[in-house]
Amino acid sequence: MGILFSRGGCHIQGHKELTHGKKIITLTDPKAIGKIYIPLVSGNGKELLLDIKEGDYVKKGTRIGVSQGFYVPVFSPVSGFVSGTEKRFNSLTGRPVDHYVIDNAFKYETEESLKKYDYDKVSSEEIVEAIKEAGIVGLGGAGFPTYIKYGAKNIKTILINACECEPYLTTDNLMVVEETETMLKGISLMMRASQAKKAIIAFKEGHSDMKEAILKYIDSYPNIEIKEVKDRYPAGWERTLVWNVFKKEYENLPSEIGVIVNNAQTAMAVAKAVLEGKPITERVVTVSGTAIKEPQNIRVPVGTVVSKIIEACGGYKGEQVFLLAGGPMCSKAQMNDQFVVEKQSGGYTVLFFEEIEAEPCLRCGACTLHCPASLQPVEIKEAVEKKDEKRLQDLKVNSCIECGLCTFVCPSRIMVTESIRKAKLMLKIAAAKAKAAKK
Amino acid sequence: MKFRIKPAPFQRSTKRTTKGIMLELSLVLVVVWFVAILMNYTLMGEAEGTKTILMGDVALVAAFVTDVVTALIIKKNVWQYFVGSYSYVTALIFVLTLPVTVSYYAIVVGIVLAIVFGKIVFGGFGYNPINPAGLGRIIVALSFSLAITGVPGLVSDATTSATITSALNWKDGILPDGFSLGRLFLGNYAGAIGETSALTLLIAGIYLSIRKIADPRLMVSYTVSAFLITLFMGLAFGVANPFVYGITHILVGGLAFGAVFMVTDPVTTPTSPMGKIIFGLGAAAITILIRVSGALPEGVVFSIVFMNLLTPIIDGLVKGKTTDKIGQRWGVILALLVLAIGINIGVAFLGGVA
Numbered sequence: 000m001g002i003l004f005s006r007g008g009c010h011i012q013g014h015k016e017l018t019h020g021k022k023i024i025t026l027t028d029p030k031a032i033g034k035i036y037i038p039l040v041s042g043n044g045k046e047l048l049l050d051i052k053e054g055d056y057v058k059k060g061t062r063i064g065v066s067q068g069f070y071v072p073v074f075s076p077v078s079g080f081v082s083g084t085e086k087r088f089n090s091l092t093g094r095p096v097d098h099y100v101i102d103n104a105f106k107y108e109t110e111e112s113l114k115k116y117d118y119d120k121v122s123s124e125e126i127v128e129a130i131k132e133a134g135i136v137g138l139g140g141a142g143f144p145t146y147i148k149y150g151a152k153n154i155k156t157i158l159i160n161a162c163e164c165e166p167y168l169t170t171d172n173l174m175v176v177e178e179t180e181t182m183l184k185g186i187s188l189m190m191r192a193s194q195a196k197k198a199i200i201a202f203k204e205g206h207s208d209m210k211e212a213i214l215k216y217i218d219s220y221p222n223i224e225i226k227e228v229k230d231r232y233p234a235g236w237e238r239t240l241v242w243n244v245f246k247k248e249y250e251n252l253p254s255e256i257g258v259i260v261n262n263a264q265t266a267m268a269v270a271k272a273v274l275e276g277k278p279i280t281e282r283v284v285t286v287s288g289t290a291i292k293e294p295q296n297i298r299v300p301v302g303t304v305v306s307k308i309i310e311a312c313g314g315y316k317g318e319q320v321f322l323l324a325g326g327p328m329c330s331k332a333q334m335n336d337q338f339v340v341e342k343q344s345g346g347y348t349v350l351f352f353e354e355i356e357a358e359p360c361l362r363c364g365a366c367t368l369h370c371p372a373s374l375q376p377v378e379i380k381e382a383v384e385k386k387d388e389k390r391l392q393d394l395k396v397n398s399c400i401e402c403g404l405c406t407f408v409c410p411s412r413i414m415v416t417e418s419i420r421k422a423k424l425m426l427k428i429a430a431a432k433a434k435a436a437k438k
Numbered sequence: 000m001k002f003r004i005k006p007a008p009f010q011r012s013t014k015r016t017t018k019g020i021m022l023e024l025s026l027v028l029v030v031v032w033f034v035a036i037l038m039n040y041t042l043m044g045e046a047e048g049t050k051t052i053l054m055g056d057v058a059l060v061a062a063f064v065t066d067v068v069t070a071l072i073i074k075k076n077v078w079q080y081f082v083g084s085y086s087y088v089t090a091l092i093f094v095l096t097l098p099v100t101v102s103y104y105a106i107v108v109g110i111v112l113a114i115v116f117g118k119i120v121f122g123g124f125g126y127n128p129i130n131p132a133g134l135g136r137i138i139v140a141l142s143f144s145l146a147i148t149g150v151p152g153l154v155s156d157a158t159t160s161a162t163i164t165s166a167l168n169w170k171d172g173i174l175p176d177g178f179s180l181g182r183l184f185l186g187n188y189a190g191a192i193g194e195t196s197a198l199t200l201l202i203a204g205i206y207l208s209i210r211k212i213a214d215p216r217l218m219v220s221y222t223v224s225a226f227l228i229t230l231f232m233g234l235a236f237g238v239a240n241p242f243v244y245g246i247t248h249i250l251v252g253g254l255a256f257g258a259v260f261m262v263t264d265p266v267t268t269p270t271s272p273m274g275k276i277i278f279g280l281g282a283a284a285i286t287i288l289i290r291v292s293g294a295l296p297e298g299v300v301f302s303i304v305f306m307n308l309l310t311p312i313i314d315g316l317v318k319g320k321t322t323d324k325i326g327q328r329w330g331v332i333l334a335l336l337v338l339a340i341g342i343n344i345g346v347a348f349l350g351g352v353a
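These protein sequences, in sequence, are chains A and B. Numbering-wise, numbering that gives the first Met the number 0 puts 284 at position 285 of the first sequence, and it's gapless, one number per residue. Numbering-wise, numbering that gives the first Met the number 0 puts 178 at position 179 of the second sequence, and it's gapless, one number per residue.
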């Protein structure tokens, strides 16, 4: 923190101990998993272009379709008949969308539709092609197609994000320990794909299990280093992480300073896609929080209904809960538990319902001093109350990443982050109106 | 099973609440009050010591009664309203800005008007544009000037019949006989009950900064600006020791009290780090202007209340991110400092003070 500015962040309680010490369990019982549902809409809200139709038999790994906009193929996670189409709530788009219903045959017959490559011989172009065809997306939660990042030139360093700064979630941590070699191989492939000379695996200090696991294998990977960063939320946000590791800023993308940032589990997915020709068909998710009976990490097929996973964790405690698709800082509360596991889902947090009463704003500026985007949340909140669009433009509202820290630190318990979401909406509406007026 | 909806985040810091901050602040104020009581007992006498106790009690009771009556009029739960209005903080700050000679009548009128016209008419705590304690102090200064001037001197210094701020000649900065910087620092002289010990206030300021209850940017900007402005004025006036002249200015007359407890009121000051520094600088410039060239002996409270009114403008000037244009922002601060020094020296010469 400087005298005039702040890069924000603060330590927040991680609650990771609820699931960190437990082994990952795999859900295999057919009854416990049930039918599999594949949303026919991608995260951007556009419908998939479908390869198969209702009634077709699919195997694990059969391509179901491909998204519009960015090219991302979607694969069946299990084998069985596509028995129909059903509307279900979708956590990515926040609305009900059509899903294919796959009657899981529990035979796990596999279709090997993707090419496999030899680790020693695979070329840069082949790696990017394999990542693209396997539909690999950022597994840290954003779900951005990974191959797009590898179109950038002059990349010097691959930065692997294993910070997992959302409280409660532990999948990245446990997966790094469990599949260390796969991750390191993936990182090597990513370096080759981008022609980067170096890779850095960054995680929060104090995670000795990850450190030990990586150090055990790292001698075989001379260009991969580890870097421990301070446990200050949001340590895993791309800009914060790049600043903490390189002390550099960038305008839009980290590739401007020669860096590609990828999640640790994305690296594992890259290795599996390139070397084994496997798309992402299963996912380890953390189910944790104060209002779940047995918090744990659980491996399930992509497309499993969340209520089934909750059942496998002993069910809910209490009668009124918040069910969050992700950690408690950034994730939306869901209206029911009938949505499905997406490949980028890191976990689900279940918390007791509570109402928090706000006091008037003290104008203390704690939000400004903690904002990792260096914004002035209190000023944005006041401008929203005054409906001052000019001021909102001046305050660079759209740089906000909705990390939730302004609400977190507010001593008056005001939902500051929500004001900023309102501000973004106001600017969006104003821009649309201006556009309409021009026509 | 009922799934409830609320915007993220769902985790909150459990460390700090506004109630906790205000309670801790008032405890610090009580400590300062206690030091004032002790000093008045030992240095002035039993009557003054007892008066200091009663002054605070009268202010707190008057503030409490004002809250109760307000809660009854606007039909709110009396206890909840009292707990959320923080009038006790206003009462403590207000009473500590008054000298021991003040009448109880003036205290009651001051605090009631401060709470009603400084806070309630604007919608209560959090919505007041100016420091309510500052407003109360101004009302007392303008309406009861006889009650607060003519402060008796210390027992050991019976000949001094005015506060040091009115006794001190601001243009040459020569301290009255028997006064030294060390004595000013420890607070062995007459003045408002809360302002007299710079040492106590320094400790309070450091404590509040460490506990993040008050922003040190405001305190430091205010005191350092006041020192720099008077240092250069001292040079321009040709005083014997400009450095001592500057130090004298920040040690006396409630400047330290204002720096720790009034400039730092978050509700009425800018929210951004840049804004806070400009606020402190502006308040310092006006304080010195009133002291040296103005008709009043003291300008701390007036300057702070005046700057409170400029707070929305200062907030509006600080655009974008706090990391934007750092160099340019320091340039603006430096330019404003030079301007503040220039205006103070210029007005002093033009007004024939120097």
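The hints are simulated quantities; they were obtained by calculation from the structure and are not laboratory data. Because the structure is a prediction, the values reported are computed rather than measured. There's no promise every hint is true.
Just the calculated beta-carbon pair ranges, DEER-fashion [as the list claims (entries may be wrong)]:
| hint | chain 1 | residue 1 | chain 2 | residue 2 | range |
| --- | --- | --- | --- | --- | --- |
| 1 | B | R182 | A | Y249 | 53 to 61 Å |
| 2 | B | G319 | A | G150 | 26 to 34 Å |
| 3 | B | Y40 | A | Q12 | 45 to 53 Å |
| 4 | A | Y249 | B | K211 | 50 to 58 Å |
| 5 | B | V331 | A | Y216 | 50 to 58 Å |
| 6 | A | E111 | B | T322 | 31 to 39 Å |
| 7 | B | K211 | A | K115 | 25 to 33 Å |
| 8 | B | L295 | A | Y249 | 33 to 41 Å |
| 9 | A | F69 | B | L335 | 44 to 52 Å |
Listed next, the in silico EDC-like pairs over lysine to aspartate or glutamate satisfying Cα-Cα at most 16 Å (straight line) [stated by the list, open to error]:
| hint | chain 1 | residue 1 | chain 2 | residue 2 |
| --- | --- | --- | --- | --- |
| 10 | B | K18 | A | E358 |
| 11 | A | K434 | A | E417 |
| 12 | B | K324 | A | E250 |
| 13 | A | K58 | A | E281 |
| 14 | B | K5 | A | E353 |
Where a beta carbon is used, it is the ideal one built from N, C-alpha and C, also for glycine.
Now the hints, each set against the structure:
no.	hint	in the structure
1	R182(B) / Y249(A): 53 to 61 Å	holds (57 Å)
2	G319(B) / G150(A): 26 to 34 Å	holds (31 Å)
3	Y40(B) / Q12(A): 45 to 53 Å	holds (47 Å)
4	Y249(A) / K211(B): 50 to 58 Å	violated (31 Å)
5	V331(B) / Y216(A): 50 to 58 Å	holds (53 Å)
6	E111(A) / T322(B): 31 to 39 Å	violated (50 Å)
7	K211(B) / K115(A): 25 to 33 Å	violated (57 Å)
8	L295(B) / Y249(A): 33 to 41 Å	violated (54 Å)
9	F69(A) / L335(B): 44 to 52 Å	holds (50 Å)
10	K18(B) / E358(A)	holds (9 Å)
11	K434(A) / E417(A)	violated (26 Å)
12	K324(B) / E250(A)	holds (15 Å)
13	K58(A) / E281(A)	holds (14 Å)
14	K5(B) / E353(A)	holds (10 Å)
In summary, the numbered hints that this structure violates are 4, 6, 7, 8, 11.
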